[in-house]
Every structure is written in structure tokens, then in C-alpha cells.
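Okay, so the sequence shown: first residue is 0 according to numbering that gives the first Met the number 0, each after it adds one.
Bear in mind the hints are in silico, worked out from the structure with no lab data behind them.
Watch out, some of these pointers could steer you wrong.
Once the Cα atoms are required to be at most 30 angstroms apart in a straight line, the calculated BS3-like pairs of lysine-lysine come out as [claimed, not checked]: (1) LYS21 with LYS260; (2) LYS200 with LYS81; (3) LYS200 with LYS21; (4) LYS21 with LYS142; (5) LYS198 with LYS21; (6) LYS81 with LYS142; (7) LYS202 with LYS21; (8) LYS142 with LYS199; (9) LYS21 with LYS199; (10) LYS18 with LYS200; (11) LYS81 with LYS202; (12) LYS81 with LYS228; (13) LYS202 with LYS142; (14) LYS258 with LYS81; (15) LYS18 with LYS198; (16) LYS202 with LYS258; (17) LYS18 with LYS81; (18) LYS142 with LYS264; (19) LYS260 with LYS81; (20) LYS18 with LYS264; (21) LYS202 with LYS18; (22) LYS200 with LYS142; (23) LYS225 with LYS161; (24) LYS142 with LYS225; (25) LYS260 with LYS142; (26) LYS18 with LYS142; (27) LYS199 with LYS18; (28) LYS260 with LYS18; (29) LYS258 with LYS142; (30) LYS258 with LYS21; (31) LYS264 with LYS21; (32) LYS225 with LYS18.
What follows is a list of derived Cβ distance ranges for each label pair [what the hints assert, rightly or not]: (33) GLU60 with MET0: 36 to 42 angstroms; (34) LEU251 with VAL52: 40 to 46 angstroms; (35) PHE257 with LEU188: 29 to 35 angstroms; (36) ARG55 with PRO124: 19 to 25 angstroms.
These numbers were taken from a predicted model, which means no experiment stands behind them.
Yeah, the Cβ is synthetic: ideal placement off N, Cα and C, and Gly gets one too.
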Amino acid sequence: MLYLLLSIICSVSVGILLKISKRYSVDIIQIITLNYVFAIALSYFNFSPDLSVIDRTSPWEIYIPLAILLPSVFLILASSIKNVGIVKTDIAQRLSLFIPILASYFIFQEEFSTLKFIGLAVAFPAMILILSRNKTEDSAQNKWVYPALVLLGFGIIDVFFKQIATQNSFPYTTSLFIVFCIAFAVALLFTVYSVIIQKKKLKSNSLIFGSILGILNFGNILCYLKAHKAFSESPSTVFASMNMGVIILGSLAGILFFKEKVTLKNYIGIALALIAVILITFSQLQH
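From just these sequences and the hints, can you work out the full model?
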């Protein structure tokens, strides 16, 4: 249970860190790039990836798009937190689990139980209510686009990660290390573009925030994998606890510490999101 709790804390802390970073005028692209430096180092020393298995037959058609998506969606995540707050962004990220579920039904022809269909049906109004705003808010800003892209982006990323997990010839941790390396190269290109073309300066505080972000991201992954190992006979427990924990803790952090405005409709959406996660979890137990 400790690993599961630590994974939840690390996940929510990423959002908190990105929220705080704007107070210090930190360059988001730079901290995302440095984040991968620490993620690569921690992955290498903790997972000891077997690089000898990587060759031209490796699933590069999965590695490359995934590695491009990771830093790109990270930028969208930071923009979403900045524009709509931690509460809505964290829930959008958690509800992204329905993208791979839909993919498994339409692409991989997986059979669905009635409970899973109900869970999906509950998820859609939950997202609409969570993203709803007061009439007093400027509708021209279209800020709902950010969490919507977070949901879509993380959902597609999850589909790619599930495909990596099915590659029996390549250890998951080795594939993760390779993806981190390519993601770093992509993020570095973003940084070079911003410095040379956009004339942005390299900032020393990016190193501090980038290192913390890298540690939190890796900590989230490591603890989540260890939690699955500890609860190997009940993976649905980890699945439900992780998603519900992040929704609850992320909502509390946003409302209590950052005073984010949450309407009655938003609260109903949060409750429906929790119900949707519970229904999906119980549907997994039926297999």
C-alpha cells in the first residue's frame, strides 16, 4: 500500500510543481527537457536495461511516436494547469483511461461487459460537467480545449504503452528507457528552437525544477510498477486506487491550496468520474 500511496503523491505533485513553476518564471520546455535527463539516469541505474536486445526489429513504430507525444503532451499538460487548474487537468488525465478502453473495443475487438459500457456512459457526462464553466467566464477563451487535449493525448500515450507491454521479446523497462532517450532528443529540439529561433534565455532555475520533475515522474512510474508487483493477484485494486486517489488528492490540492473555483456542476462531474472509475474496475474483475 505504501508504494501505491507514493505513486499517487508523485503523480499529483507533478501538477503542483507545474502550477508553482509559473511563479518563478520557469521555462516549461527547459524543465521538461531536463526532466528526461534525470528520468534516463534513474531508469538506467534502477532498471539496468538490456540494450543488447534493441535492434532494427525493435518496435520503433511504437517507440518513436510515443517519444514524440510524451514531451508534446507534457507541454499541453502544463498549459492546461496554467489555464484551468490542477483539479480539471488531473481529472482529465485520469479519464484518459477511457481512450485505450475504446481502442480495445473498436480496434482490438475486445468483448465488453454491460458494466464497462455503463462506466463509459457515466464518463462522458462527467467530463462535460467537469469542464463546464460559469456564464460569467469568457467563453471566447475556449480554455476547455486544454484538458480535452490532455485527455486525448494521455489516452493515446496509454494505448502505445499497452502495446509496448505486449512485446514479449523486449523487456518493458528496457523499452521505457529507450522511449525516455528519444523523448529527451525531441524535447532538446524544442529547447534549441526556443533558444535560437525564439531567442529565449536558458534559466538556472530550470535545473532545479527539471530535476524535481524528473524524480517525481520516475518515482511515479517506479512506485506504480512496485504496487502492481505487490498486488499481482489483484491488479484492479491498483488501477482503481491510483485513479481515484489522484482525482481526490488532485481536487483537494487545487481547491484547498490554490483556491481554484469549482462549481456545483464540477463537483457532480468529479463524483461521476469516481463512479466511472469504480464501474470500470469492477468490470475488469468479471474477466
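Indices of hints not satisfied (ascending): Numbers 12, 24 and 36 - these are the hints that the structure violates, sorted from lowest upward.
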